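Novice: Two independent chains are provided; combine them into the complex using the hints.
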Amino acid sequence: MKQIRAIIADDEVTLRGYLKEKLAATWPELTIAGEAGDGEDALRQIEEQRPDVAFLDIKMPGISGIEVARRIAGSCAVVFITAHNKYAVEAFESEALDYVLKPVTDERLKKTVKRLKERLASPRPAPEVAAVIEKVASALEKASHHLQWIKAQHKDGVRLISVGDVYFFRATDKYTVVRTKDGEHLIRKTIKELESELDPDQFWRVHRAAIVNARAIHAVDHSLSGGYTLKFKDITDQLTVSRAYGHLFKQM
Amino acid sequence: MSQNSLPFRFKATPLKIIFLFIANTLIALFIVAIYPGSSFPINLVYSQCIGITIAICSITATNYLKAPRLSVQLAFIAAAVIVGAVIGMEIGGAVVQLIFPGAVPTLAIEKYAFTRSNLVLALLFGTVITYIFFSIQKMTDEKVKRLEVERNAAITEIKLLQSQMEPHFLFNTLSNILGLIDPDPEKAKRMLESFTQFLRTSLLTARSETVALSQEMDVVKNYLDIFAVRMGERLRYTIDIPAGLQGFRIPPLLIQPLVENAVKHGLEPSISGGSLLISGAREGDRVRIIVADSGLGINELSPGSGIGVENIKKRLDLVYGGRASLVFEENKPKGLKAVVELPYETDTSHHS
Chain B
343 MKQIRAIIAD DEVTLRGYLK EKLAATWPEL TIAGEAGDGE DALRQIEEQR PDVAFLDIKM
403 PGISGIEVAR RIAGSCAVVF ITAHNKYAVE AFESEALDYV LKPVTDERLK KTVKRLKERL
463 ASPRPAPEVA AVIEKVASAL EKASHHLQWI KAQHKDGVRL ISVGDVYFFR ATDKYTVVRT
523 KDGEHLIRKT IKELESELDP DQFWRVHRAA IVNARAIHAV DHSLSGGYTL KFKDITDQLT
583 VSRAYGHLFK QM
Chain S
247 MSQNSLPFRF KATPLKIIFL FIANTLIALF IVAIYPGSSF PINLVYSQCI GITIAICSIT
307 ATNYLKAPRL SVQLAFIAAA VIVGAVIGME IGGAVVQLIF PGAVPTLAIE KYAFTRSNLV
367 LALLFGTVIT YIFFSIQKMT DEKVKRLEVE RNAAITEIKL LQSQMEPHFL FNTLSNILGL
427 IDPDPEKAKR MLESFTQFLR TSLLTARSET VALSQEMDVV KNYLDIFAVR MGERLRYTID
487 IPAGLQGFRI PPLLIQPLVE NAVKHGLEPS ISGGSLLISG AREGDRVRII VADSGLGINE
547 LSPGSGIGVE NIKKRLDLVY GGRASLVFEE NKPKGLKAVV ELPYETDTSH HS
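Note that the protein sequences, when read in sequence, are chains B and S. Start counting the first sequence at 343; every next residue gets the next number (this note's numbering). Start counting the second sequence at 247; every next residue gets the next number (this note's numbering).
Simulated from the structure, these hints should not be mistaken for lab results. Mixed in with the good hints there might be a few duds.
To be verified - 30 Å max Cα-Cα, derived DSS-like pairs, lysine-lysine:
1. B:K523 with S:K391
2. S:K560 with S:K510
3. B:K362 with S:K391
4. S:K389 with B:K452
5. B:K523 with S:K433
What the hints assert, rightly or not - The following residues of chain S were derived to be distant from chain B, with all beta-carbon distances above 10 Å:
6. I280
7. K389
8. E396
9. N422
10. D464
11. V475
12. G478
13. L547
14. P549
Quick caveat: nothing in here was measured; it's all calculated off a predicted structure. Just so it is clear, CB atoms sit at the ideal spot from N, CA and C, and this is done for glycine as well.
Isolated chain S, as found in the complex (with noise of 0.2 Å):
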């Protein structure tokens, strides 16, 4: 998993005490159950205190101790509930003397055997108890965090969606196309292949958690094609992407609204059109996607960086953490350049 999974925490609420207060109950029935005349309300005055010392170590150790990892966490929890074990056991016994004054064994030798026997019961149902509850929290988790993912997926995928069919490229390009139907049947046959085709492939990758730089250079190609049908002599462009950096993966979509960025602000506004370029390179560790136009450039009062483009950022911290990024720089001689460093990694297991 690239996302950093959020600690464990045990968390208090009012079902889970409910449940606490019936499972102590529980323990003291079968106790008394299993050693004939022990008697009932003592130990329940005991597991209630055991259960609710273990408790509340378990939920201390859990929510303010930093552990990095899961083991470290276990290892919280089982220190936690031979903790609040030998705690809660002082505690019951302190309590027991009180209700009950002599029904505790005040002899040292006794007292010991009455202990150890009580520890050992106390750890086992401690434990149990405790795992129980574990694996409730665990899989309430699990469940939030599941339904989460899927819900950044799903607003990750209408945005994109949303950018692809922005109405002023919708209805420019079905124009263009009506335009071109009587004059130059041919070139519209063609400018509907690559609408299509660029629809398609869109769609298609949205709903992918990654894909090959290779499949993203075929929606961008797609793109450009029906901007060269209508920006004739005035876009140039040409896309250079290493062989061993085709079935490099990445999330889907990155590269295209930069590219649009490009035409959008930088080539379609200026009369003289200009050229661009896309090319990836990997330098060590890191791999450098960049898209570079010679078009009008960018001042200091120009539009700022649109939604595009946060919602690009955006994705590679999400997906990234910290290890990719993304800035513009001036293009040399004119133009914008925008530069997307990203982790060149050989373990690709948690791509789908």
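Isolated chain B, as found in the complex (with noise of 0.2 Å):
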């Protein structure tokens, strides 16, 4: 009979430690071909140690566990590890996918290690594995397309400032002004950058000028000639919406 061997791929040395011993008494017959504790280091060891099976931690420095499941692409069986709670991760629970949680139960255990052995003695590969871990990477990995931060000149520093935090972004001769509750900072990116890298549901160009963070607005004045005025909490500036962009706030 083929030998069935595994890698186990997490950061902390005390929980591969753990998890090892459990998998010494629930599957003797398993052998450990390595250890890795980066998602890098997992990469590699599956690459030159062909393993059946990859126990690997979700989370971990530099790559992680879902990036390298991606990577590996059925090459191997792949068991999540993590300890993120039940309803985050029963969502993925799956024929070509398992996971277990931390801190490992004999009894989750067992049942994983009954399913891996079932699907390693079948000799088709197991189906849609791709999809399953995109639909996993969708649910825990929250990344953002949208800029999330702004870096602003400060004295000697790098300020970083919250988009959440800004009021509004206006155009000078220059630069751009970046209005938030303590002040003024000056960035170079355009605001028509801006337009195309901020999250137009929150972000909305008001003017050829001004771009406005639409949660921030406090209230919008109609002025007599049809134009809009917009009002924020806790500063006194106000930016006047151009012709061009009135119709935002025609509801209003």
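Specialist: This is the structure:
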């Protein structure tokens, strides 16, 4: 009978040791071919060792467990290790993927081992692995594609401004002014660049030279000429909406 | 009190309006009783007119005039009572003249005496009734405010505790302790001790309005000791708070979430780990507390500031008004620096 080999990847050495110990008790025939402390290390070992099973901690420094699974795409069975609560991971329990919760319990591990044995015994490869991994990734990795932080030169350092703290961006001759509660900051990014990088649901272009944080608007004043003026909480600055963008405020 | 108290306002409710009519009627009855021979209907018209006018004047004064202090508002109310009494008497006279022609003295000398005695009565009763309404309103306001403060405190406490009981942290720590019991019972014991201490101190401090900076640093130290076991060589930390600031009072769990942030987003995801420096310094009337890590730092697309950080900003606003701040800067040569600035108050009377 072919020997079953596994690698364990977790950045915490104690947790690797604990899982190894538990596996030795529930699955004595299993050989631990390698241990990895981060994602890159895991990838390298999977490449070299060609294991049948990889136990991957989801949260690892460098490359995450999910990313490792994505890259090895189906070359071995994957079991995710996670401290996430039950409901967050239940979604991706399927034929193709398995998981164990930290702290690892004998009962749960036995169930996982049984399923792994069945899967490894069957000649056909597990279906839809890639699709399931994508599902897991979208459930757990909340990476944003929109600008979240603005870097502004401040005295001799670089200030990091959360976009949620910005009232509005306004273009001047050379720079763009970032208005927050504690004052104005100057950045080189243009209004046009900002418009394409910020989340369009929250940040609205209201003028050729201005973008406003819709969540920071406190009041919208109608002027007699049919234009709009935006007011904000805690600051006295006002922003005029140019005619071309008036439709944004028609409903208000 | 560090929170601004709301300006006092008379609010007209249906119940109070009914009370006002009853009080006016009672005054008329009282006058008829002590001045035998005076007419109840005429007195009733007068007292209703005067009472209603005083009420309108004092509601207007407290709702539409801007007064910075309660003493100024009390002066407004007193003025409203006088103005209301005078106007109310004039209106009352006109109404009585209309309904009971000839009932009001018309000779100048008689009118003067009549007006003077009526004014004294109007001011006397006006003051008493206004004072009663004022006390009732003040009591209701204070009760509403107290309930709101209690509610805010409860919400803050729940949010703080929720953030301490973050499942990832909890279960990872427990897994480590379980994993250490057999191979290294001594280390398991130390970790369980740190964990117990961390839970105890954060549960205790979450309930207080303020804590000494040294207490907050104890929470931080216990938290970091747990991570020092988990991350081993990858985490080094230094806490540097000068002796003069150890007793400085801050809202509880103000710094710990920043440390958690630095570990979770800066150091733990970094393969080589890094170091953490928590320092405090007083500059004039400002106290600056800095949490600086040498981890991954933030790029423009890094996840935005989380609930923990937003919560800190809200609490700073609530407790200090605009006099405190939290900003993030790039740390040199790498990593993130969180800077909290608080006013240094020698007066700590509002701290419990």
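Novice: Evaluate each hint against the coordinates.
Specialist: For each hint, the structure was consulted:
1. B:K523 with S:K391: holds, 27 Å
2. S:K560 with S:K510: Roughly 22 Å between the alpha carbons, so the hint for K560 of chain S and K510 of chain S holds.
3. B:K362 with S:K391: Violated - the C-alpha atoms of K391 of chain S and K362 of chain B are around 58 Å apart, more than 30 Å.
4. S:K389 with B:K452: Violated, at about 58 Å.
5. B:K523 with S:K433: violated, 47 Å
6. I280: With a cut-off of 10 Å, I280 of chain S remains clear of chain B, as the shortest Cβ separation is near 56 Å.
7. K389: holds, 28 Å
8. E396: Label holds. Min Cβ-Cβ 25 Å, cutoff 10 Å.
9. N422: violated, 5 Å
10. D464: D464 of chain S is indeed farther than 10 Å from all Cβ atoms of chain B, at 25 Å.
11. V475: V475 of chain S is in fact no farther than 10 Å from some Cβ atom of chain B, at 8 Å.
12. G478: The claim is violated: G478 of chain S sits with its nearest Cβ about 7 Å from chain B, within 10 Å.
13. L547: Check fails; 6 Å does not lie beyond 10 Å.
14. P549: violated, 7 Å
This entry does not satisfy hints 3, 4, 5, 9, 11, 12, 13 and 14, going by the numbered hints stated previously.
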